[in-house]
Amino acid sequence: MKINCYRHFFLWFLAFQLCLFAVHANDTIVLNTSVIHKNLKDLSAVFVSENEISAFSLNSQNDFSPVMDNRSFFYFDFDVVSAYSTFSFKNDSKAPREIILSFSYPFLEDAKVYKVVNNNLKLEGNIGINTLKKAVERTWKISIPLLPNETASYFLVFNKSKGKPLATDIILQDRDTYYNTGTFQNIAIGAYLGLILLSLLFTIFIFGLIKRTVFLLYGFYLIVLTVFIGAYLGYTNVLLPPKSLDVGRAIYVISIELSTAVFILFAQQVLMAKTYLPKLKKSVEIVILIQFTFRIFLHFAANSLYSSQVELFMKLWYLTILFLVIAIIIEILTYLKHNTKVGSYFAISYLFMTIGSILLVLHHSFGLLKLSFYGLPGIFYASVIEICFLTTALTIVVGQVYQERNTLANKLVLQQQKFLNAFVQGQEEERKRVGGELHDNIGSKIANLKRLFSSKYADAKMQKEFDDICEDVRTVAHSITPAEISLVGLSGAIDELLETIEKTEQLEVNFNTFQFPESLNEDIATHLFRIIQELLQNVIKHANASMVDIQLFGHKNSVTLSFEDDGQGTIKKNDPSGLGLRNIRSRVTQMNGQFLFDSIQDKGTSVLVIIPTKYT
Amino acid sequence: MNNQTKRILICEDHQIVIDGLRSIILDFPEFDVVDTANNFSELLPSLKKNNPHILLLDLNLPHKNGIEILQELRLKKNHVKVLILTMYNKKTIVNKVFSEGANGFLLKNCSSEDLHSALIHVSENDSFYYGEGVIETKKQNALIDDEFYKRIRLTQREKEIIKYLCDGKKVPDIANTMHISPLTVETHKKNIYRKLGVDSSVKLVTFVHENQLL
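Here the protein sequences line up with chains A and B, keeping their order.
Just so you know, this note's numbering puts 606 at position 606 of the first sequence, and the rest follows in order with no gaps.
Just so you know, this note's numbering puts 1198 at position 198 of the second sequence, and the rest follows in order with no gaps.
Worth flagging that the hints you see were computed from the coordinates, not collected in a lab.
Check before you lean on any hint, since a few could be wrong.
Unchecked claim - Ranges of calculated distance between the beta carbons of each label pair, as one might list FRET restraints:
| # | chain 1 | residue 1 | chain 2 | residue 2 | range |
| --- | --- | --- | --- | --- | --- |
| 1 | B | H1079 | A | N592 | 42 to 48 Å |
| 2 | A | T589 | B | E1113 | 52 to 58 Å |
| 3 | B | R1153 | A | N592 | 26 to 32 Å |
| 4 | B | S1041 | A | E518 | 22 to 28 Å |
The model shown is predicted, which means the values in this text are computed figures rather than measured ones.
All C-beta atoms in this analysis are idealised placements derived from N, C-alpha and C, irrespective of residue type, glycine included.
Required output: the full structure, derived from the provided sequences and hints.
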């Protein structure tokens, strides 16, 4: 059903088109309806000349020859220097009317409208960057007033320089329709500018976040593109003083070349041509560089050379464009193969811009295809779509980059934690093993040896030697592992530790327990013992403290170690050299506990370790 | 078998030590090693079977250490004389075995004479035998007098937090003023409550005022 419906529409549309074509050129345009919106090309014949006509008159018509083309817009080829078109108006209404001719091409050099009055030509309007001496609106327009019931014939005369084709729509509108269209255009252009500015801000913001040149390049591309679209829409005519309107054309040429170049270079970066197609990337860069310099050189420095060899240069230019288009398409396809999701966004945006650019070239150079909606060129819409998709795609890329970074960072942290945990665990096991071996096995054997010897030789000196060895073994074993934790519990072990410390250090240590469970899990007790050992060592080494408070608390579901000193409190929380602190943290993490550290200058350091206990 | 002979049971996980002890005790006519055990599970049936006078007990044993064995025996009302034989020479350990009801403490590197006198002392006396070089300690009764003082001894950080708590400040405010995390304050508060045996801020304030802690 739906398809049928479309077919119907299509048929009606064709019929409508035929009706339009049935209107013969050079017919008198009868202005009877209130709304007028007509394409002048449909209503007038065109005559061109390759010789310069200094002053157009009714007699000089003979120097022109008619052109028959079915284009829907005015197109004058490279060699054409002058052209004219003639048409007639008949005002059927009883009120005076004002008809506005608006031109879509902003770089018209010279266009005049003459009215035939008593077999003489009267100048009605004169526009163009070569002749105009006052500031103009964005698009060129010529206003033609008509008296009630007046019938008049007009000549529209163009002068242009050789070597540059000219393609322009000329739309006939009544005053109100003209301004309505203008309103729509202004809104569209405003929205476009907003989009560009947003994208630009966004890009700069992202560049600030992750310093990647591709975003800077994108920002630059956005700026150049805006300049190009602005020039193409005729804003140079508005912004520049009337005397330097020709500069506007120069800006247009430079910006179109620059935006093409930046577009291509940006595409190289984004499509990762360097990794996928390095050779193609190099040749693309060389071609774009040659094209850019050559075009600028021809346009500004060697215009005469250019105009004498127009055909050759244009062919060269089209060849490079064809090459670039093919290269970009190949790169898009290669990129799509590797990155489906983001690739499709890039592909769509580049596709639109490429098609838009090709159509623009075809339109202005060969007079093929007219692509404008509501008086705005197709490239304008193409670039809107392109910017939307590019910004979206870049956002996705940023998201991916961040995700990658985050997962990587997380992995790294986890790995480090695992490493440290394994290290601490391994260390503890090893200590236990070596300490136990030393204490039990070797110690016992020496003790036994002593008795065996003493039963045979009663030598006091030797016995003392044996006792010394035993004492040494005991001390070493003890320093390696606090084996007495399993015998006397954590608080007993700490008592012993403090006794040795108070013997050697000028440090007063108060140690108290408050309902601390006697039968604490031995692993936890060992960890806590090591933590206290480590903290005490820190205090002795760095804190310059005179008093330390160590307290063990037993709570309902947890045990807490509180460690305070009255030292200078300068041990930094994240001191990278503090392997001791990291060691402590690792131990606390292994027990699923929490490590709270606060150190205030000259007010000492306070450490809290909270360990959850399920079995107490 | 002489009636006067005291039966000895050795509980020790190193065979070389057992062999050494055996050969030494062989020279003591009044003592006889009736059996040896490597761990607690071997020890129990042997205790039942041999009913020894003296148990030579090592502290470092697999599965169950000497102190735990001692506790278990005393819990079961087994009054065998226990002579601890160990490499450890720590005050806390001596204290511990003493309070758990052992009868003597010997270091493994003791001389044969020391072992002999220890065995004789243990079999004849009820007082605790300290081997050569063993650090002699007595249960410090002074500590008990100190208990109250010890209970309310506050650290610098705790004093600071109690001051704020008594002012009626809430944990987040205290954390803010002291530039520490709320969890730290909360933990200190919990510790203080436990230490002073209170369970509310009102009781804390009363306690602090009654004892003039600040």
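Right, here's what the structure says about each hint:
| no. | hint | in the structure |
| --- | --- | --- |
| 1 | B:H1079 / A:N592: 42 to 48 Å | 44 Å, holds |
| 2 | A:T589 / B:E1113: 52 to 58 Å | 53 Å, holds |
| 3 | B:R1153 / A:N592: 26 to 32 Å | 30 Å, holds |
| 4 | B:S1041 / A:E518: 22 to 28 Å | 24 Å, holds |
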